[in-house]
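Q: Each chain, written out:
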Amino acid sequence: MTHLTDQKKRERIARRAALELYDGAYVNLGIGIPTLIANYVPAGIAVVCQAENGMLGVGPYPFEGQEDADLINAGKETVSELPGCCYFSSADSFAMIRGGHIALSFLGAMEVDELGNLANWTIPGKLVKGMGGAMDLVAGARRVVVTMEHTSKKGAPKILHRCNLPFTGIAVVETIITDLAVIRVTKQGLVLEEVVPDTTVEHVQSATEAALLIPAPPRIMAV
Amino acid sequence: MTHLTDQKKRERIARRAALELYDGAYVNLGIGIPTLIANYVPAGIAVVCQAENGMLGVGPYPFEGQEDADLINAGKETVSELPGCCYFSSADSFAMIRGGHIALSFLGAMEVDELGNLANWTIPGKLVKGMGGAMDLVAGARRVVVTMEHTSKKGAPKILHRCNLPFTGIAVVETIITDLAVIRVTKQGLVLEEVVPDTTVEHVQSATEAALLIPAPPRIMAV
Amino acid sequence: MNKTVTSAAAAVADIPNGATIMFGGFGICGIPENLIAALVARRVTGIHTIGNDMGIDGFGLGLMLEAGMIASHTGSYVGDNKLLESLLVSRSFTINLIPQGTLAERIRAAGAGIPAFYTPAGAGTQIAEGKEIREFNGRPYLLEHALHADFAFVKAWRGDRMGNLVYRKTARNFNPVMATAARVTIAEVEELVEPGVLDPDAIHTPGIYVHRIIQGERYEKRIERRTVRKVPA
Amino acid sequence: MNKTVTSAAAAVADIPNGATIMFGGFGICGIPENLIAALVARRVTGIHTIGNDMGIDGFGLGLMLEAGMIASHTGSYVGDNKLLESLLVSRSFTINLIPQGTLAERIRAAGAGIPAFYTPAGAGTQIAEGKEIREFNGRPYLLEHALHADFAFVKAWRGDRMGNLVYRKTARNFNPVMATAARVTIAEVEELVEPGVLDPDAIHTPGIYVHRIIQGERYEKRIERRTVRKVPA
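Protein chains in written order, with this note's numbering: chain G, 1 to 223; chain E, 1 to 223; chain D, 1 to 233; chain Y, 1 to 233.
Isolated chain G (complex conformation) (with noise of 0.2 Å):
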């Protein structure tokens, strides 16, 4: 297997959540891996993103020179506009989120579930910083994928029979994509849909403490 560095996990995971998009999604894309995404949208597609803090049409970071102190992302960073977007206040913003109006929210995770529960805000004992938007836009967008490294920096498994930490939601993910695996989580429980080549359906399982259903043999994953 490849020894891949964080770095390379990290663009791997962002392509392939890339190719969950759609022409005329309306997504949101969380902090971390997930910003990563917008660097791969495939051609021909266009996508609008949201930032929750209220703006639809959120473009690429500012050419330097032209950073605005009245134009940020979710992640306080500066960006553009592109054509056609608009601007909202947060309670309109989470309308939107929480209506249902958002296609797909791509989000990090510390621990999933077979169960589709998701934990990515807090550990107890440590201090909590906030859930920020992340329980309004797992609870509100039409699809909840997650995009993280399938383990622990010390090599545990994140994807769990049930989550140990505290829930960001519950039964709110649809589809987990890492850099070893894309799986997809169904009502039997948690179905393997594609591997990495250059990896085993053997190692993608012992990197997992739920059990994979693998219902068909999987697929490649592009990387």
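Just so you know, these hints were derived from the structure itself, not from any lab.
No more than 16 Å apart at the CA atoms, straight line, and that leaves these computed lysine to aspartate or glutamate pairs for EDC-like:
#1 221(Y) <-> 67(G)
#2 221(Y) <-> 191(Y)
#3 3(Y) <-> 23(E)
#4 154(E) <-> 209(E)
#5 230(Y) <-> 67(G)
#6 126(G) <-> 85(Y)
#7 221(Y) <-> 190(Y)
#8 154(E) <-> 6(E)
#9 76(G) <-> 57(Y)
Simulated coverage check for chain E against chain D, where a stretch passes if three residues somewhere in it have a Cβ under 8 Å from a Cβ of chain D:
#10 49 to 60
#11 86 to 94
#12 128 to 136
Quick caveat, the model's predicted, so the values are computed rather than measured. Note that beta-carbon positions come from the ideal geometry of N, C-alpha and C, so glycine has one too.
Fit chains E, D and Y to the supplied structure of chain G, relying on the hints for placement.
A: Frame of chain G, contents of chains E, D and Y only:
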């Protein structure tokens, strides 16, 4: 006692109601007599009129030829803009009303009773036209002032011990201004505060079903 | 991204009998004239309409009423349509009357993912019958539920092909909130422009809420009550 | 009607110790710099702050934190202020964390006369503890209550002396909704204009919500995370 035409009665009521205004007040003027109040705003006082279909800063009827189909009040009449006016949606308009931001709501009434209950939207057995925004206005405005003729066309009292008609709101009316008197709704009951110069306290009481309290000699109502 | 549909007829072509449709407008101000006309031309039936009122005889929702297309109406006021009055008197029509603010807020709730909320409007009245009543700070409130629709017809002044909309003056009214509350929102505009033309700070309805947009034609924009002042000599 | 106050100091002169104050802004974008500075200069104490976050060390609400003026904070995120982190670790500070959308909606509810509403955010999580849970269409929702304040400090781009406000780009964020939810709303603007200058169709906060307005001075408008692309050669 002077016999007034209906038009004179309505003007008298509107003129007295205008004395409830104060500089900087945000007010909603209902259909009918309340609409006339705008004609009697005391000099030196600026009030901002709200139209619940989505406008603050409603101006007078437009000059001939300047009517705009996109600019109407809640009575569906063409109106004009005053400087500093603004527009908003129906949802935002009633958020404003329900949230207690309108200082004064003037409405007509079929019946008012000594608990401050108001009936002004429907008569059983007759055609129901709908409550429009009246229930929201009486529930949300900080002060509700009823402006109406003291009795029905047939001379029957409209200020009752208890309303007979279906309620628009419960314990919502604070002041009643008629062609005969100004009456304040208090926890103790209806207090007769002012009577018009051309009538007597006895006459006002005889035209009123509810008992009128007179803790202090009524003032002369400005007509 | 291009949500432009070539005609009002095409924009409403898939609306089935029995659909629930929201109609923007207050009286006949800010109503989707072209979409209503196209729907009337299709003669779909059993439509459940949601709108503040039913306009006037011969214009706006009045046209659908006259064509016998409406199975029920939900709104706050009906008093300005004489045909509707007579249908109500003859009890041949179902109407659901709701306080105007509650109507607007129930529609907003549907768009905003709020299944239910409490409101003071109507507490203690007929409107409260059968509803949950709850006290907050000693005052009674009614539980009201989100009001959704299959389709929303909205009318804006200007729009772009991504669906961003700007309304003009009091023609805004119920349009923006209805745009958020339907499975499919169809907008008609007086002027269709390219993305980037509308000021991003001044867009009232973000394009995300609009699924189809048409350039309206031949706006009548009738006035219900023409009230004027004399021009001073 | 003139709501103009001559200085930030005058605008905040009556704020007592122990007041609950909402602060517009997301991070340090769209924060009421002048009003915060004036309040810090007064050294009022025991303030209960409500805001999405607490900005950064040395700017925004961070200044009030450093001055020891804050008794508690209600918001959705605290991660970008190191002093706050250490206060939380030492348990010398009370914080109430709320999902960002629930925070925004609770504030909107306060302004809109809605005492409580149901939301799906946080159902099944720690956030749900002690809260009423209710199913609608088979899905659990939490009952959340309106969140009011004594004062709201908001920052707009332009405003007029009647209190009408227009925000710029993502500096809008929590400002408009907070403007509706306090007994006294104080606005600071980069440019104060006469009534009639702002386009009535493009006003974000109607003047009715604003009680005092000041022309702000010397805006720093710091950037928290400056991220840029190279200009192509």
